Each structure stands twice: as C-alpha cells, then as structure tokens.
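Novice: Chain residues, written in single-letter form:
Number of protein chains: 2
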Amino acid sequence: MARLPMHLPQNGDAMVEFNRQIIQSTLPFSVSYKINTAFYEQYGPKGWSWMEETLQYLPKSVFRIADAKRGDIGNTSSMYARAFFEAMDFDAVTVAPYMGEDSLRPFLEFKDKWIICLALTSNPGHANFQLQEYQGQKLYERVIETVCKWGNPDNLMFVVGATRAEHVAAIRKQIPEHFLLVPGVGAQGGSLSDISHAGLNSDAGLLVNSSRGILYASSGEDFAEAAAAEAHKLQEEMALQLIQKKQHG
Amino acid sequence: MARLPMHLPQNGDAMVEFNRQIIQSTLPFSVSYKINTAFYEQYGPKGWSWMEETLQYLPKSVFRIADAKRGDIGNTSSMYARAFFEAMDFDAVTVAPYMGEDSLRPFLEFKDKWIICLALTSNPGHANFQLQEYQGQKLYERVIETVCKWGNPDNLMFVVGATRAEHVAAIRKQIPEHFLLVPGVGAQGGSLSDISHAGLNSDAGLLVNSSRGILYASSGEDFAEAAAAEAHKLQEEMALQLIQKKQHG
Numbered sequence: 139m140a141r142l143p144m145h146l147p148q149n150g151d152a153m154v155e156f157n158r159q160i161i162q163s164t165l166p167f168s169v170s171y172k173i174n175t176a177f178y179e180q181y182g183p184k185g186w187s188w189m190e191e192t193l194q195y196l197p198k199s200v201f202r203i204a205d206a207k208r209g210d211i212g213n214t215s216s217m218y219a220r221a222f223f224e225a226m227d228f229d230a231v232t233v234a235p236y237m238g239e240d241s242l243r244p245f246l247e248f249k250d251k252w253i254i255c256l257a258l259t260s261n262p263g264h265a266n267f268q269l270q271e272y273q274g275q276k277l278y279e280r281v282i283e284t285v286c287k288w289g290n291p292d293n294l295m296f297v298v299g300a301t302r303a304e305h306v307a308a309i310r311k312q313i314p315e316h317f318l319l320v321p322g323v324g325a326q327g328g329s330l331s332d333i334s335h336a337g338l339n340s341d342a343g344l345l346v347n348s349s350r351g352i353l354y355a356s357s358g359e360d361f362a363e364a365a366a367a368e369a370h371k372l373q374e375e376m377a378l379q380l381i382q383k384k385q386h387g
Numbered sequence: 139m140a141r142l143p144m145h146l147p148q149n150g151d152a153m154v155e156f157n158r159q160i161i162q163s164t165l166p167f168s169v170s171y172k173i174n175t176a177f178y179e180q181y182g183p184k185g186w187s188w189m190e191e192t193l194q195y196l197p198k199s200v201f202r203i204a205d206a207k208r209g210d211i212g213n214t215s216s217m218y219a220r221a222f223f224e225a226m227d228f229d230a231v232t233v234a235p236y237m238g239e240d241s242l243r244p245f246l247e248f249k250d251k252w253i254i255c256l257a258l259t260s261n262p263g264h265a266n267f268q269l270q271e272y273q274g275q276k277l278y279e280r281v282i283e284t285v286c287k288w289g290n291p292d293n294l295m296f297v298v299g300a301t302r303a304e305h306v307a308a309i310r311k312q313i314p315e316h317f318l319l320v321p322g323v324g325a326q327g328g329s330l331s332d333i334s335h336a337g338l339n340s341d342a343g344l345l346v347n348s349s350r351g352i353l354y355a356s357s358g359e360d361f362a363e364a365a366a367a368e369a370h371k372l373q374e375e376m377a378l379q380l381i382q383k384k385q386h387g
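Chains as they are written, first to last, in this note's numbering: chain A, 139 to 387; chain B, 139 to 387.
Derived by calculation from the structure, the hints in this document are not laboratory data.
Small disclaimer: the values here were computed from a predicted structure and weren't measured.
One should not assume that every hint holds.
Identical copies go unnamed one by one, so any copy, or any two together, can satisfy a pair.
Below 27 Å or equal to it, Euclidean Cα-Cα: the simulated DSS-like pairs (lysine-lysine) are [said to hold, decoys possible]:
#1 371 x 287
#2 311 x 184
#3 371 x 251
#4 371 x 249
#5 384 x 249
#6 172 x 184
#7 184 x 198
#8 287 x 184
#9 371 x 184
#10 287 x 384
#11 276 x 384
#12 249 x 184
#13 384 x 184
#14 198 x 287
#15 184 x 276
#16 371 x 276
#17 198 x 276
#18 383 x 184
#19 311 x 198
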C-alpha cells in the first residue's frame with residue numbers, strides 16, 4: 139500500500155484498483171500472474187477480501203498462482219489446498235518441502251491444479267540449507283528428486299531463482315520436462331538471458347516472474363502504461379530467447 | 139466445522155462459540171493456545187474474521203501461538219510478521235526454515251515476540267528431508283544449530299514432534315535452554331512421559347500441545363466439560379513429570 143503511485147490514496151480500494159489497471163495493461167504480454175499472499179494477509183480479513191477481488195480481475199486464460207509457501211502435516215495441508223483451490227480459484231500454489239510427503243500430497247490430489255515446490259530460491263538465505271550437500275547431492279537436488287516421485291510434469295513445478303543461473307542448467311538436466319517458476323529477474327538482479335540459456339526446453343519450461351520491476355515501473359499517474367512497457371520489454375526479450383532456442387537448440 | 143459437536147450448526151458463528159467455550163473451560167489447565175491458521179484460511183476472508191474473534195477470547199495471560207508455518211524472502215516475511223504480530227496480536231508464529239536467514243530475521247525484529255521454527259516435525263514426512271545426514275549431522279540438527287545464531291532463548295523456540303522421543307534427548311543436549319513446542323501428543327500417538335523424560339529442563343522447557351485429543355473429546359453437548367477433563371488430565375500428568383524432574387534431576 140505504501141508503494142502505490144503518489145496520486146492514489148493508501149487504502150484497500152486503491153490497491154485493488156491499482157491491481158486492476160496493472161492487470162488490464164499487462165495482460166497482452168503475460169501468461170501468468172502471481173499473487174503474493176503475505177502482502178494481503180498483513181491487513182487481516184479485509185486483506186483477504188482484496189486478494190479475492192484482485193483474483194476476480196484475472197481471466198481464466200492466464201495461469202493464476204498463489205505465492206503462499208504453505209506446507210504442514212497432512213490434514214492441515216488439506217485445509218490450505220482448499221483455501222487456495224476451492225475457496226479461491228487459483229491454478230497453483232507455492233509450497234515448502236521441509237515437512238515432506240504428507241505435507242505436499244493433499245495439494246496434488248486436486249485435479250487440474252498445480253503445486254510449485256520451493257527448490258533453489260532467489261534470496262540470500264538459500265545458502266543456509268538448500269546448498270547443504272549429502273554424498274555429493276545438495277538439499278535442493280534431493281528435494282527435486284524426491285518430490286518428483288509424488289507428482290509429474292502435469293501437476294508439479296519447482297521454484298528456481300534467477301539469481302543462481304549457474305545451477306539452472308544442472309536442474310534442467312535433472313528434470314527436462316518440469317516447468318520452473320523463476321523469480322528474481324528484475325529487482326533481485328537475475329539475468330533473463332542467462333536463465334533462458336540454462337533453463338529453456340522445447341515447451342519453454344520457464345515461467346519467468348518479474349514483480350517489483352513491473353509494478354513499480356512508475357510512481358506517477360502513468361503507472362499502468364509504464365508497467366505495460368516493462369512487461370512488453372520482458373515479453374519481447376523472452377520471445378527472442380525462445381526463437382534463439384528454436385534455432386540453436 | 140465438520141467436526142463440531144452434533145447439536146451445533148455447521149457455520150462460522152458456531153465454530154467461534156465452540157472455540158469460546160473450549161477456551162473458557164480449559165483455561166485453568168493451560169499455559170498456551172495454538173491456532174492453526176489453515177483451518178480458518180479455508181473459508182477465505184470470513185475465516186480470517188473467525189480467527190480474529192477466537193483470538194479475542196484468549197487472555198493475555200496465556201501464550202498465543204499462530205501455527206502458520208510461514209517463511210519467504212525477507213521483504214515478504216516482514217509482511218507475514220506484520221500479519222501475525224501487528225494486524226493480529228499473537229505472541230508467536232511457527233516458521234519454516236527452508237529459505238534461510240533473511241526469511242526468519244524479519245520475525246525476530248519484533249520485540250517481545252517469538253518464532254517457533256520447524257526442526258523435527260511429528261508427521262510421517264519428517265523422514266524425507268529432516269533426517270538427511272551431512273557429515274554425521276542431520277538436516278534438523280543443522281537447522282537448530284544455524285537458526286540459534288539468529289535468535290536466542292528469549293525469542294526462538296523449535297518445533298520438535300512428540301512422535302520422535304528418541305531424538306529429543308539429543309536436541310535438549312544441543313540446546314539446553316530453548317523451549318520446544320511439542321505437537322503429536324494425543325491423536326498423533328506421542329507419549330508425554332517419554333517426551334518429558336527426554337526434554338524437560340529446569341524451566342520446564344517444553345510446550346506440550348494436544349489439539350484433537352482435547353477439542354474432540356466429546357461430540358455431544360458436554361464437549362466443553364469433556365475437553366476440560368482431557369486438558370486437566372494432561373496438566374496433571376505434566377505436573378507429575380515436572381515434580382519427578384525436580385526430584386531426580
């Protein structure tokens with residue numbers, strides 16, 4: 139709310155209207171939208187209403203992700219799955235793997251829904267545990283290997299941060315078919331070219347996410363146009379990467 | 139909602155009233171209450187209102203835990219911390235360690251608030267990653283060792299499931315002072331005696347949680363009395379363990 143354009147009041151209605159205009163202006167250049175639940179939860183029940191309203195503005199033609207990082211014991215994960223797949227109609231939810239199989243299974247039981255499991259994240263803290271090695275295998279590699287036994291490329295993706303492009307090629311080798319959700323391009327400093335070179339497959343295989351770089355492209359009244367321009371730029375860069383991939387394999 | 143006593147309607151008001159009566163009847167035997175956010179989130183914004191209402195019935199004399207298993211990149215974790223420590227007045231929130239330091243730090247910046255970090259959980263899936271060994275150190279041990287560098291016994295606890303009492307003695311040796319939140323007693327099959335023997339310290343050092351065993355002690359009109367009886371039983375067992383600990387060290 140504090141980052142809304144200067145001319146807008148800092149309230150929930152303005153935030154939803156901001157979202158609506160961002161969605162409308164960037165829709166021609168986007169295949170997917172990712173809503174970060176924390177930014178709504180901070181406002182309590184009202185915040186959840188604003189998230190629901192925002193979700194209503196997303197057409198079914200785009201892939202709608204709840205970035206919620208959920209994960210708990212089985213009966214509790216079932217409730218989280220209901221929250222995002224039934225109470226709200228998201229297509230996918232991000233999940234945390236620490237609690238293992240029964241924490242992820244309940245999400246996978248929903249037909250035509252996806253989980254996007256944390257593997258190698260884009261934040262500095264990824265080094266604390268995700269890179270820990272056991273007999274030559276890093277924790278995030280073990281997470282990918284293990285979680286792939288519970289899901290398949292049609293209901294399971296992984297979060298792989300753009301800030302660690304050097305690991306992406308190895309991940310693509312490990313899982314040639316799964317889509318990767320790639321945050322960290324833009325504000326967090328990741329390179330689209332590096333990540334594309336390392337991670338594209340014949341279906342594209344990458345959902346590249348830019349959040350702050352697009353949302354806050356301008357703090358003026360032209361915020362929606364500026365966002366569209368940023369999204370368009372990223373879309374054209376991505377199209378170029380896809381063409382190069384097709385030409386050079 | 140589906141597990142409410144038979145004579146109550148299955149709606150939000152009944153759920154909050156159920157909670158109110160459970161709290162009122164068990165208060166003499168309890169030091170802490172843990173609200174599982176997923177069970178409210180499944181109902182969307184209304185669910186969050188019911189959670190807020192329930193929280194209002196908890197006096198400040200008890201330790202109020204949001205069992206939310208949150209954790210994300212730094213700027214997002216800050217929002218989750220606001221959600222549970224500011225928008226709602228919980229004393230503590232459970233967090234997931236997978237994303238490392240910047241995912242937990244924002245919670246620790248709140249004065250007189252606590253994080254309860256997942257270490258060794260009570261569910262079957264704990265075996266998938268938490269027990270993975272690196273140079274003789276299991277992942278959950280590394281989590282404890284690492285997270286202890288960011289917090290201290292006055293703002294940091296760990297989740298250690300009662301279903302793995304054989305590991306609790308080692309954890310108590312590793313962290314003599316930190317409190318452990320111990321779920322898994324009751325419905326999940328953990329033994330209070332085993333866990334107390336392994337984990338008590340001179341401040342008690344254990345927050346033993348029973349949820350379903352108390353909430354669903356009876357599905358009749360006597361649900362609150364039955365819950366109180368179960369809570370009383372557990373409190374007396376815990377008191378006995380504490381006395382034995384004092385006598386025998």
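Novice: For a quick check of understanding: which of the numbered hints are violated here, in increasing order?
Specialist: 1, 2, 3, 4, 5, 8, 9, 10, 11, 13, 14, 15, 16, 17, 18, 19
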